[in-house]
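Asks: Since the structure of chain H is already known, use the hints to place chain F on it.
Number of protein chains: 2
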Amino acid sequence: MLVFQNKQKRFGEWYREVLLDAGVLDQRFPLKGCNVWKEYGTKIMQNIMVLLENLLEQTGHSKMHFPLLIPENLFGKESQHLRGFEDQVFWVNRAGKRKTSRKLVIRPTSETAIYYMFSLWVRSHADLPMKVYQTVSVFRLETKSTKPLIRDREMWPFNEAHTVHATPEEAEKQIEIGIQVYKELLTRLPLPYLLVKKPEWELFPGALSAYEFYTLMPDGKVLETGSVNNLGQAFSKVFNITFEKYDGTRDYAHQTCYGQSERLLASVIAVHGDDHGLVLPTSIAPTSVVIVPILYAKGAEEVLNYARMIDRLLKEKGFTATLDQRELTPGEKFYYWEKRGIPIRLEVGLLETEHRTVTIVQRHTLQRKEAPLEDLVREIEEALNALDQDLLTRAESLMKEDMGSVSNLADVPDAVEKGKTILEVPFCGENNCKLLVEEETDMEIIGFSMERNTARRRCLVCVKEAKETAYLAATY
Amino acid sequence: MLVFQNKQKRFGEWYREVLLDAGVLDQRFPLKGCNVWKEYGTKIMQNIMVLLENLLEQTGHSKMHFPLLIPENLFGKESQHLRGFEDQVFWVNRAGKRKTSRKLVIRPTSETAIYYMFSLWVRSHADLPMKVYQTVSVFRLETKSTKPLIRDREMWPFNEAHTVHATPEEAEKQIEIGIQVYKELLTRLPLPYLLVKKPEWELFPGALSAYEFYTLMPDGKVLETGSVNNLGQAFSKVFNITFEKYDGTRDYAHQTCYGQSERLLASVIAVHGDDHGLVLPTSIAPTSVVIVPILYAKGAEEVLNYARMIDRLLKEKGFTATLDQRELTPGEKFYYWEKRGIPIRLEVGLLETEHRTVTIVQRHTLQRKEAPLEDLVREIEEALNALDQDLLTRAESLMKEDMGSVSNLADVPDAVEKGKTILEVPFCGENNCKLLVEEETDMEIIGFSMERNTARRRCLVCVKEAKETAYLAATY
Chain H
35 MLVFQNKQKR FGEWYREVLL DAGVLDQRFP LKGCNVWKEY GTKIMQNIMV
85 LLENLLEQTG HSKMHFPLLI PENLFGKESQ HLRGFEDQVF WVNRAGKRKT
135 SRKLVIRPTS ETAIYYMFSL WVRSHADLPM KVYQTVSVFR LETKSTKPLI
185 RDREMWPFNE AHTVHATPEE AEKQIEIGIQ VYKELLTRLP LPYLLVKKPE
235 WELFPGALSA YEFYTLMPDG KVLETGSVNN LGQAFSKVFN ITFEKYDGTR
285 DYAHQTCYGQ SERLLASVIA VHGDDHGLVL PTSIAPTSVV IVPILYAKGA
335 EEVLNYARMI DRLLKEKGFT ATLDQRELTP GEKFYYWEKR GIPIRLEVGL
385 LETEHRTVTI VQRHTLQRKE APLEDLVREI EEALNALDQD LLTRAESLMK
435 EDMGSVSNLA DVPDAVEKGK TILEVPFCGE NNCKLLVEEE TDMEIIGFSM
485 ERNTARRRCL VCVKEAKETA YLAATY
Chain F
35 MLVFQNKQKR FGEWYREVLL DAGVLDQRFP LKGCNVWKEY GTKIMQNIMV
85 LLENLLEQTG HSKMHFPLLI PENLFGKESQ HLRGFEDQVF WVNRAGKRKT
135 SRKLVIRPTS ETAIYYMFSL WVRSHADLPM KVYQTVSVFR LETKSTKPLI
185 RDREMWPFNE AHTVHATPEE AEKQIEIGIQ VYKELLTRLP LPYLLVKKPE
235 WELFPGALSA YEFYTLMPDG KVLETGSVNN LGQAFSKVFN ITFEKYDGTR
285 DYAHQTCYGQ SERLLASVIA VHGDDHGLVL PTSIAPTSVV IVPILYAKGA
335 EEVLNYARMI DRLLKEKGFT ATLDQRELTP GEKFYYWEKR GIPIRLEVGL
385 LETEHRTVTI VQRHTLQRKE APLEDLVREI EEALNALDQD LLTRAESLMK
435 EDMGSVSNLA DVPDAVEKGK TILEVPFCGE NNCKLLVEEE TDMEIIGFSM
485 ERNTARRRCL VCVKEAKETA YLAATY
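If you read the protein sequences in the order shown, they are chains H and F. Residue numbering for the first sequence follows my numbering, beginning at 35 and increasing consecutively. Residue numbering for the second sequence follows my numbering, beginning at 35 and increasing consecutively.
Wrong hints could be hidden among the right ones.
Identical chains share a label here; the pair holds if one copy fits it or two copies do between them.
Here are the simulated DSSO-like cross-link-like pairs (lysine-lysine), alpha carbons at most 27 Å apart as the crow flies [unchecked claim]:
| no. | residue 1 | residue 2 |
| --- | --- | --- |
| 1 | K367 | K97 |
| 2 | K131 | K66 |
| 3 | K279 | K255 |
| 4 | K349 | K231 |
| 5 | K111 | K165 |
| 6 | K271 | K66 |
| 7 | K178 | K255 |
| 8 | K231 | K501 |
| 9 | K131 | K181 |
| 10 | K373 | K349 |
| 11 | K498 | K454 |
| 12 | K66 | K133 |
| 13 | K97 | K207 |
| 14 | K349 | K452 |
| 15 | K43 | K403 |
| 16 | K468 | K66 |
| 17 | K137 | K178 |
| 18 | K279 | K367 |
| 19 | K498 | K403 |
| 20 | K178 | K133 |
| 21 | K131 | K178 |
| 22 | K217 | K434 |
| 23 | K137 | K66 |
| 24 | K43 | K454 |
| 25 | K66 | K97 |
Quick caveat, the hints were computed from the structure, so don't treat them as lab data.
With the rest of the complex left out, here is chain H (with noise of 0.2 Å):
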């Protein structure tokens, strides 16, 4: 399709543009990777959020909200998590003219902060399951270059959730439920998206086990979006988190956590997107309907009561509906409202206030149509219906295409050199195979089938039996 001419071509220049020409982002200040949300963008965002957040709650999670700065010691407590943050973290040593006591961290994630509560609050079992999650500003002093909602500095918004259980089985139970609240999130973004058991050497640091959720972006490039840790009993043997069991005995907690970040609207913006800019689902577009006026001196205040008519019957039946009153040109807000993304744009002149009808113009698929008004809610409903399943089924379709399957390692460039970016391989699960394959390929293995591996395949590199099937990608 021709509208996407320029996303394929250049993604990273297309995507810069979109984010400033949609007011998304503004990427001038001073400061590399902070950004600045501007309305529109924050909107967005915030309706991503409220989705997120709404899952949670609705499996039983509650919102809270804990301190930004974490003294050192607290943070250090879990000596992996501490090596795994320690290059990444922002420390304030002075406040005021004075030198703080001790030194704090600018949470790069909150695992110590919330942990140190969590040994406060859980006493027995009757205390448990605790799930509890916030939505936050998160830093970490990314060394590779940053990219706005990809790799930023100042992470926001950053929602983790947190959950404490008595038993393995309840935490590996956790861990299923985590899962399913990111998968139907992704399904109403609509996202495709590659769902993978993590490789030890990826594992979030302190974690048992994790999952991780990634995105196909239109340069062919994977983006986590959504991680599901595994904690164990890491962070509760460190944090002193325990418990009185139901036999009077005590133990140490088993843990889980999950995040989410503002790469979710990345996603959205890179899979959903094309030349004329943004195109939204309806799940989190601002208003779904906006309705254009186009006036000229001749019956402008016909037309203008017409518009007003069309904009209170959608109102009335449940439409988010914007009516554009801006002394603007026709052509200047109909070019504002595809580089946002709003689903259908109405256009009300003279023709269709005389005819008593409506053009119907759909944002992702730019196919105008007159519609009489009568039928003008059932023509919204079903154009509304069409796009998150169109979305969804054109997403789908190019991730398909994207993906492919090699046995051996001499196979990997035709592949690549054929479009397949993600490539399914057969993996021993060794060290020497890994860095192989990545050293010889520019991909890495980004983890590993969900599903067990019965195929009794050979690695691609040492042919070897294969212990799993794994996926190799270029990430971010």
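Replies: Below, chain F without anything else, positioned relative to chain H:
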């Protein structure tokens, strides 16, 4: 009233107990002035912020999100602003294992971050007015002892609005709008307030003039709960926020800013609470009605079904209702919801079920009443409608009791002795008199009457002609 004995006599202790027992905050995080917001506190605070944000949206303010970290050179641009905050800011100067190239301030407020962006966004009169706001955390090293929700080092949530205008008149008009928004907000909470013009020496760093809302706390001190500042061109000249006027010439813009914080919740708790815990107005209560089924072996199923029917009925009628089916005794449930200040409790036992009645208990009066089922909806409507008016009347009458008027410094101790904690006094405006008053009385001149002083009174100290009607009170 008996229920106010603890609150009045030992307010500090009562306040901390309520915060803990009602599940608002946990103050045990090992960093002074940084609180953990628990589920219930987060919900109420969020409800207050939704009220405020809706009022801001309705008056044309756009929500945005600006970075937390501000480079030192940006923060220091306006010298008065810098001096006003330099003793209170947290500094970042390490990231990972390296020194940062510039020192970074953690925002104590966002003028400097936002006004840098304004200088990029404002080009012509057509861009004005510009009105933005954000709801974030800000950080100040409070040097006085911290007090949760009143004097925190992490202030969350902090809602700050910033506006830009073409003329001083428009900025002055915006000040009135800001004041109106805060008046409306306080009325919905519903909190009586004292609105004053701030004395020059109390101005926000960089401001031309300012207005402050105060609420009266049970210990007789007043709490700042909302300030509105006219910044004139102080910042626009430093940040170079200029625009092209209609006539083609350029001028510096005129600015205002106004802010609100978690102190709103401190006021709600302190003003409306009683010895049984929180008392919440309907506007912010997470649920209006809680239904407690009183179950014994006999008839348990019938009672529960009856309670469920009532729950459904209330939800159908648009009330927020919670059916408490936890495995606790009715007494434990009563205590739980009383502490949390839910406006109405319905008790449903075997008697009520057989008689088709409901026992209604109002939280703010603790009055009980049995009503036939068919009157329930009307009874609840009436009770909820009465609640906010009752709370306001009660709080207003307490505030009125505490307000007095004196004409001579010598009369102050006597007035204070009589329980007058906010004193209206005639004041010449001179610094000497201010210092003397504050030294002699342990109170401060918190501001001047909004009405012009026409009474030709004489200064309470020097007996020269009074220029202002000032308010004297002890502050937090």
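Asks: Which numbered conditions among the earlier hints are violated in the structure presented, ordered from lowest to highest?
Replies: 3, 4, 14, 15, 16 and 19
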